[in-house]
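**Student:** In case you want the letters, here they are:
2 protein chains.
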Amino acid sequence: MKNTDKNFLKERTLIDDYLKNNLPTTTKYGQSLLDSMKYSLLSNGKRIRPILFLRVVRAANIDQEKFLSFAGAIEAMHCYTLIHDDLPLIDDDDLRRGKPTNHKLFGDATALLAGDALLSLCFEFAAQPLPIEPKLQLMMIKKLACLGGSKGLVVGQQVDIEAEKMTNQATNSDILEFIHHHKTGALILASIETAAIATKVSAKTSQILNNLAYYLGLHFQITDDILEFISSEDIIGKDTFSDRKNSKLTYPKLYGIDLAKKKSQNCFNKIIKLFNSLPAQYHDLLDIINYMSNRQR
Amino acid sequence: MKNTDKNFLKERTLIDDYLKNNLPTTTKYGQSLLDSMKYSLLSNGKRIRPILFLRVVRAANIDQEKFLSFAGAIEAMHCYTLIHDDLPLIDDDDLRRGKPTNHKLFGDATALLAGDALLSLCFEFAAQPLPIEPKLQLMMIKKLACLGGSKGLVVGQQVDIEAEKMTNQATNSDILEFIHHHKTGALILASIETAAIATKVSAKTSQILNNLAYYLGLHFQITDDILEFISSEDIIGKDTFSDRKNSKLTYPKLYGIDLAKKKSQNCFNKIIKLFNSLPAQYHDLLDIINYMSNRQR
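Those protein sequences? They're chains D and L, same order as listed. In terms of my numbering, the first sequence is numbered consecutively and its last residue is 404. In terms of my numbering, the second sequence is numbered consecutively and its last residue is 404.
Next comes chain D alone, as it looks inside the complex:
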C-alpha cells in the first residue's frame, strides 16, 4: 500500500462498510440485479468523492461517521454513471478497474437496470436521517439531484458523445471544458457543495470551496485523459484505447500531450492557491487533493 493510500484507509473502510451493510442483498426473484449492483458498488473503488464530502464535513468539527449515508449516496451515484457509461451503446468498454465491466458479466439489460437501481438507492441513502436540520438536508438532496442530472453530470455525458462528431478546434476547447466541468466536475462539485450546505459554511468559504471544486474536477479529468493516453492496460485497468478508438475529445488529442500536461500543472497551481486561501480547519483536504492529482489510475 502506498503512503497516500493509508491516509484514506479509515474513510474507505467506513464507506465500504456502509455500502456493504446497506445494499439490499436478497430478493425473492431477480437476484442477478442485486448481484450486479453489488459487483460494481463494492468493487475496488477509490471513493474519492465521498472522502471529499466527509473531509469538508469534518472540517466543521462534526462527526463524519454520522454522514456516511450521504457519502454512500454520492458513491452510489458515481457508480451508476460508470455502469451506464461502459454500456455498448455509450463507451462499449470491456474492462473497468482491471475487471470485466458490469454488462460483460451480467448482460446489457441487467447492467442498465443495476445502474437505474443504484441511482434510486443514491436518493434512498441521501434521505436517511442526518444530524442536521431536515431543511438543510432537503437542500443537499436538491443540489445532488441537480448536479447529477441534465444540468450537470448527464449533460456532460451527452456532449461527450456528441463531441466525437465535431471538427472545429476553436469551438472544441470550449466544448472540452464543458464536458469535463459537467461529466466529471459536477459530482466533485456536488460532493463539496453538499458538505458545505450541511455544515453551513460562510458565503466566502463557500465561494472558495466552489472554485476549488471546479478546478479539482477539471484537473481530475485532464489527469484521466493523460493517463488514458500514456498508460498501459496493466496500470489503468481498463482498455486504454477505448477513448481513442471512439474518437473521443480529450486534452491530449486536442492540445497534444505536452500542452495537456502544462494545462494540468496550471490547473493544479490554481487548486493549491485556492486551498491556501481556505481557513486552517480545511487542512485535511490537502492529501486528497494531492492524491487526486498524482494518481496512476
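I should point out that these hints are in silico values taken from the structure, not numbers from a laboratory. Keep in mind that a hint or two might mislead.
One copy or any two copies: either way a pair holds, since identical chains are not told apart in the list.
[Unchecked claim] Listed below are the simulated DMTMM-like cross-link pairs for lysine to aspartate or glutamate, each with C-alpha atoms no more than 20 angstroms apart in a straight line: (1) K258 to D199; (2) K272 to D142; (3) K272 to D215; (4) K206 to D331; (5) K135 to D281; (6) K377 to E269; (7) K173 to D391; (8) K135 to E284; (9) K380 to E271; (10) K135 to E271.
Given chain D, work out where chain L should sit, using these hints.
**Tutor:** For chain L alone, kept in the frame of chain D given last:
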C-alpha cells in the same frame, strides 16, 4: 373527449404545466438531451400516478396545487422507466402512445441518458419545498426512492426480463404477481403512500390505502396485459405484439384470456371493497379508480 377524461382535465393541466415550466429547456451544449427529455415527459401521458397522489393529498383538505412538485417527481420517475423499458436492450419497442419511442427519434445513447436525467430530475422535484414538516418530506423521498429502486420498480423489470426463460407454470403465477406488484404496483403504491405520509393519515387508513394500492397496481397491469393481447395497434398506440414477440410472461399467456378477465374482475371487486371502507373524504379516488380500470389504452 370522454366524460371520464374531463374529471382529470384540471389536474392534468396543472401537472403538465408544472412539468413544462420546470423542465430545463436550454443548455449551451447537449441540447438533444433536453429535447429528448421533453419529448417523452411532455408527451400525451395519462398522468394517473400523480393524479392518484394529488387526490390522496386533497382528501386531507390540503391545497393540492402546493404539492405539484412532488406530483411532477412521480411522473418524471414513471417517464424514465418507459424510456429505458423501450430501449432495444430491454423491450425493443418502436412505438409508445402512437408515437415513435424516444430512442427511435434520438438514438439509444441519448435515450438512455434522458432516462437517467429524468430520474435525477425526479428527486430534484421531490426535494422542492412543500408546506409540510421537512422531516416528513424526507420520509416521502425515501419511500419514493425505495419503491422506485431495487426493492420495487427496478427488480420488477429485472424479473420481467428473466421470466421469459422460465418454464414451470406453478412457479410462474407467483413470479407473474411479483412482476406486476413490483414493476407496475410499486410506483402506484409510492404515489399513494407518499401522499399518506404527507397528510399524516391514521394507521388504519394507511393500511387500507396500502392494500388498495396493491390491488390497483395489480389490476392496472392485468388490464394492460389484456389490452396488449386483444387490442389493435391503433387503439393501444404501441406495437401490440412486442410482449408476445419477446415471449413475456403475461396474464393472458399464463391463464388464457377468459381466466385473465375473470382475475381482473375479482381484483376490481377487491379494490371497490377497499375503497368503500375508506373514510368519506376519499370519494374523489373513485373516478380515477374507474378510469384506471376501464381504460382502452
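**Student:** At most 20 angstroms between C-alpha atoms: does K377 with E269 qualify within a copy, between copies, both, or neither?
**Tutor:** neither (29 angstroms within a copy, 51 angstroms between copies)
**Student:** Checking an output row: K135 and E284, CA cutoff 20 angstroms. Within, between, both or neither?
**Tutor:** Between. Shortest inter-copy distance 12 angstroms satisfies the 20 angstroms Cα cut-off; intra-copy 46 angstroms does not.
**Student:** How would you label the pair K272, D215 (within, between, both, or neither) given a Cα cut-off of 20 angstroms?
**Tutor:** For K272 and D215, only the inter-copy Cα distance (16 angstroms) is at most 20 angstroms; the intra-copy one is 25 angstroms.
**Student:** Is the C-alpha distance from K135 to D281 at most 20 angstroms within one copy, between copies, in both cases, or in neither?
**Tutor:** between (50 angstroms within a copy, 10 angstroms between copies)
**Student:** Between copies, within a copy, both or neither: which fits K135 and E271 at Cα up to 20 angstroms?
**Tutor:** between (43 angstroms within a copy, 17 angstroms between copies)
**Student:** Between copies, within a copy, both or neither: which fits K206 and D331 at Cα up to 20 angstroms?
**Tutor:** within (18 angstroms within a copy, 41 angstroms between copies)
**Student:** How would you label the pair K173, D391 (within, between, both, or neither) given a Cα cut-off of 20 angstroms?
**Tutor:** within (18 angstroms within a copy, 43 angstroms between copies)
**Student:** Is it within, between, both, or neither for K380 and E271, if the alpha carbons may be no more than 20 angstroms apart?
**Tutor:** neither (34 angstroms within a copy, 59 angstroms between copies)
**Student:** Indicate which option fits the pair K272, D142 if close means a Cα-Cα distance not exceeding 20 angstroms: within, between, both or neither.
**Tutor:** Classified as between: cross-chain Cα gap 19 angstroms, same-chain 36 angstroms, threshold 20 angstroms.
**Student:** Up to 20 angstroms between alpha-carbons, please classify K258 paired with D199: within, between, both or neither.
**Tutor:** Neither: 24 angstroms inside a chain and 28 angstroms across chains, both beyond 20 angstroms.
Against the hints set out earlier in the document, violations occur for numbers 1, 6, 9.
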